[in-house]
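Residue numbers (full-length UniProt numbering), protein chains in the order written: chain F, 1 to 387; chain U, 1 to 325.
For the record, the hints were derived by calculation from the structure and aren't laboratory data.
C-beta atoms are modelled at their ideal positions from N, C-alpha and C, and glycine is treated no differently.
Fair warning: there could be bad hints in the mix.
[Said to hold, decoys possible] Okay, derived cross-link-like pairs now, EDC-like style, lysine to aspartate or glutamate, Cα gap no bigger than 16 Å in a straight line:
1. U:195 <-> F:364
2. U:197 <-> U:227
3. F:294 <-> F:365
4. U:108 <-> F:365
5. U:108 <-> F:52
6. U:108 <-> F:224
7. F:105 <-> F:46
8. U:108 <-> F:141
9. F:104 <-> F:178
10. F:359 <-> U:243
11. U:108 <-> F:144
12. F:57 <-> F:324
13. U:23 <-> F:171
14. U:3 <-> U:243
15. U:33 <-> U:47
16. U:108 <-> F:176
[What the hints assert, rightly or not] Here chain U is said to cover these stretches of chain F; the calculated rule only asks that three of the stretch's residues, wherever they fall, bring their Cβ under 8 Å from a Cβ of chain U:
17. 129-140
18. 153-163
19. 166-174
20. 323-331
21. 356-367
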Amino acid sequence: MSESVPGTPPEVFAPVEVPVSPSQAPEEVEFVQLLTPEGERVENPDYSFDLDDEVVKGFYRDMTLVRRIDSEATALQRQGELGLWASLLGQEAAQIGSGRALNKKDMVFPTYREHGVAFCQGVNPLNLLGLFRGVDQGAWDPKDNNFALYTIVIGAQTLHATGYAMGQQRDHAVGDADEGEATIAYFGDGASSQGDVNEAFIYASVFNAPVVFFCQNNQWAISEPIDRQTRIPLYQRAAGFGFPGVRVDGNDVLATYAVTQQALKRAREGSGPTLIEAYTYRMGAHTTSDDPTKYRLSEDLEHWKLKDPIERVHAYLTRYAGVDHDFFDEVEAEADKVAAELRAGCLALPDPAMTDFFKHVYVEETPQLAEQRDQYAAYAASFEGEG
Amino acid sequence: MAKITLGKAINAGLRAAMEADPKVLVMGEDIGKLGGVFRITEGLQKDFGEDRVIDTPLAESGIIGTAVGLALRGYRPVCEIQFDGFVFPAYDQIINQVAKMHYRSMGKIRMPVVIRIPYGGGIGAVEHHSESPETLFAHVNGLKVVTCGDPVDAYWMIQQAIASDDPVVFFEPKRRYHEKAELDESVPPALPLHKAKVAREGTDATLFCYGPMVKTCLQAAEVAAEDGRNLEVVDLRTISPFDLETIFASVKKTRRAVVVHEATLSFGPGSEIAARVTEECFYHLEAPVLRVTGYDTPYPPSRMEEEYLPDLDRVLDGIDRVMGY
Numbered sequence: 001m002s003e004s005v006p007g008t009p010p011e012v013f014a015p016v017e018v019p020v021s022p023s024q025a026p027e028e029v030e031f032v033q034l035l036t037p038e039g040e041r042v043e044n045p046d047y048s049f050d051l052d053d054e055v056v057k058g059f060y061r062d063m064t065l066v067r068r069i070d071s072e073a074t075a076l077q078r079q080g081e082l083g084l085w086a087s088l089l090g091q092e093a094a095q096i097g098s099g100r101a102l103n104k105k106d107m108v109f110p111t112y113r114e115h116g117v118a119f120c121q122g123v124n125p126l127n128l129l130g131l132f133r134g135v136d137q138g139a140w141d142p143k144d145n146n147f148a149l150y151t152i153v154i155g156a157q158t159l160h161a162t163g164y165a166m167g168q169q170r171d172h173a174v175g176d177a178d179e180g181e182a183t184i185a186y187f188g189d190g191a192s193s194q195g196d197v198n199e200a201f202i203y204a205s206v207f208n209a210p211v212v213f214f215c216q217n218n219q220w221a222i223s224e225p226i227d228r229q230t231r232i233p234l235y236q237r238a239a240g241f242g243f244p245g246v247r248v249d250g251n252d253v254l255a256t257y258a259v260t261q262q263a264l265k266r267a268r269e270g271s272g273p274t275l276i277e278a279y280t281y282r283m284g285a286h287t288t289s290d291d292p293t294k295y296r297l298s299e300d301l302e303h304w305k306l307k308d309p310i311e312r313v314h315a316y317l318t319r320y321a322g323v324d325h326d327f328f329d330e331v332e333a334e335a336d337k338v339a340a341e342l343r344a345g346c347l348a349l350p351d352p353a354m355t356d357f358f359k360h361v362y363v364e365e366t367p368q369l370a371e372q373r374d375q376y377a378a379y380a381a382s383f384e385g386e387g
Numbered sequence: 001m002a003k004i005t006l007g008k009a010i011n012a013g014l015r016a017a018m019e020a021d022p023k024v025l026v027m028g029e030d031i032g033k034l035g036g037v038f039r040i041t042e043g044l045q046k047d048f049g050e051d052r053v054i055d056t057p058l059a060e061s062g063i064i065g066t067a068v069g070l071a072l073r074g075y076r077p078v079c080e081i082q083f084d085g086f087v088f089p090a091y092d093q094i095i096n097q098v099a100k101m102h103y104r105s106m107g108k109i110r111m112p113v114v115i116r117i118p119y120g121g122g123i124g125a126v127e128h129h130s131e132s133p134e135t136l137f138a139h140v141n142g143l144k145v146v147t148c149g150d151p152v153d154a155y156w157m158i159q160q161a162i163a164s165d166d167p168v169v170f171f172e173p174k175r176r177y178h179e180k181a182e183l184d185e186s187v188p189p190a191l192p193l194h195k196a197k198v199a200r201e202g203t204d205a206t207l208f209c210y211g212p213m214v215k216t217c218l219q220a221a222e223v224a225a226e227d228g229r230n231l232e233v234v235d236l237r238t239i240s241p242f243d244l245e246t247i248f249a250s251v252k253k254t255r256r257a258v259v260v261h262e263a264t265l266s267f268g269p270g271s272e273i274a275a276r277v278t279e280e281c282f283y284h285l286e287a288p289v290l291r292v293t294g295y296d297t298p299y300p301p302s303r304m305e306e307e308y309l310p311d312l313d314r315v316l317d318g319i320d321r322v323m324g325y
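Let's have the full structure, built from the sequences with the hints guiding it.
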């Protein structure tokens, strides 16, 4: 038995070499890519996108509409109509690519930034605004669109997704790549440090749950860069939990679609979880309350602008698919219409009634709460007629 | 009629609930082949299978977090937390997710989740195995908190908790797991889940208690009777919400109240009862509401726990004091 020298770690524990900052050297990052930033289709040995250009046009439309919804919401916040907004700017391909890979019976567990996935699932964008305007807390019914409530506590939803997937197993809804059911859990690079996310990986792995963990690595957790969360590429963590991990160009909607679809099929057929790291960039602030100029370089932003998820699809459709400007004009006009409707709808959102909020604490209201509700109502009524 | 222990009564209650509703799942650490460290789930996995009696990884947040997902899928998970002091890794999921889901969704989502926690001291255990954290859950809006004090209640209350569409934290008095009583399963439960029970009728003062302290208070009442004091003992059973109706009725009758619990004094359940009783029964009271509880220290090493826990003598001392006004 060899004696170890105190204070000197054995070789196996020597720090691994890691890139100085992954966010500054994205061209060195290896990932699945099927559409280059210049709009050229490229091949990948493991993943392919076989659908026709009408589908690609659909992705373009989705991404454009979602970006417009997002910018309208940011404007509404700046005008005081929303208390906060968490922009998805730059992450449209990651969200539309993965969202469009879902089947009708698949279930989605989002963070608070999955406006693009919500759009794919048919959630009315106005519902998303309720949470940020403060008229409710995102009170849609998850069953309506197979889209769970936005989750603000970082990473908590990954466990919910895993539990839901365990329910799909128990309902015998797993076992067929096309007809089966799967669950997808969205989270970010910051969340990957959370205990809940790591516990979700473990539960999903040991129970072989049909869940796809979709991590949008947008390089920033508010002000903390990715190298404060990890010393290895995030997708590689999956190996330690016993399931596959794959990194995809998160700004490439075709690759994101292909990779997510394959992972979902794997889950539906009963082969268990997959971790997808969608390598992307948060082009905007964390939320409207954030100021990224305090902690990151403008060159970074300029660099990532060249990799814009919508621009590359525009380039592809124009150069290689013969799509003319009529199509793009139509999409722009539709985006303007959607934004105008969203704005009008936001301004018309009714303020909630306080008494409703007493009512929903419990299914079976407690006598104590009923009394407080009545006291509040009487107190509020005592001001009626006063001017 | 056969006598049954409190622990076996919970086991029988779980079994009845699982037989009645295929959506009821039991999940936790070591609950399968072992039947849990207290054997409360003994035999369930054998009879209901590994899909319904789930040995989970050793991760409490994972137990509750996946239970949330299962509940969203239409299941009714019953989660076992192995010991009181081990619930805290799951605290975020319980407070931010389980408790708030119905509220956040404006009533569209229900969380019929039961979280079973063996609690309380008196078993000579090492640290984190003897705590009484019920206040930390009773303070959380959206949760309901109950605890049983005898085998008959144990059998029915666990089934009522599982049937509840609201999330229920179900505290089990671990040092009373071996207490026995006669249980006739064909007799329906005497009370709904959120009602207190007058365990002993009296006229001179009321002892309010729950869980492990019910037996202690009933013993104290017997001893006090020898001194000519006729005490009422109310087993609260439900901590959130309290059954104020029963509490007020008793105080208006006896005019004196002592609240007894193992949980620490400050901001404890006794504080809430004192405030409520003061507000509602002010003109009926002959004495301030007193509290006999654990001290405001962390739970002590087990050699000291008999000093720390309310026992017969401390309850009798409390009675002396409340009668002294």
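For each hint, the structure was consulted:
1. U:195 <-> F:364: holds (14 Å)
2. U:197 <-> U:227: Given pair residue 197 of chain U, residue 227 of chain U is violated - Cα atoms ~25 Å apart, limit 16 Å.
3. F:294 <-> F:365: violated (47 Å)
4. U:108 <-> F:365: holds (15 Å)
5. U:108 <-> F:52: violated (39 Å)
6. U:108 <-> F:224: violated (36 Å)
7. F:105 <-> F:46: Violated, at about 26 Å.
8. U:108 <-> F:141: holds (6 Å)
9. F:104 <-> F:178: It holds: about 11 Å lies between the C-alpha atoms, which stays within 16 Å.
10. F:359 <-> U:243: violated (19 Å)
11. U:108 <-> F:144: holds (10 Å)
12. F:57 <-> F:324: holds (11 Å)
13. U:23 <-> F:171: Holds, at about 10 Å.
14. U:3 <-> U:243: violated (29 Å)
15. U:33 <-> U:47: At roughly 11 Å apart (the allowed maximum being 16 Å), residue 47 of chain U and residue 33 of chain U satisfy the hint.
16. U:108 <-> F:176: Violated - the C-alpha atoms of residue 176 of chain F and residue 108 of chain U are around 30 Å apart, more than 16 Å.
17. 129-140: n = 5 at 8 Å, threshold three: holds.
18. 153-163: holds (count 8)
19. 166-174: holds (count 6)
20. 323-331: violated (count 0)
21. 356-367: holds (count 10)
Checked against the numbered hints above, the structure breaks hints 2, 3, 5, 6, 7, 10, 14, 16 and 20 and satisfies the rest.
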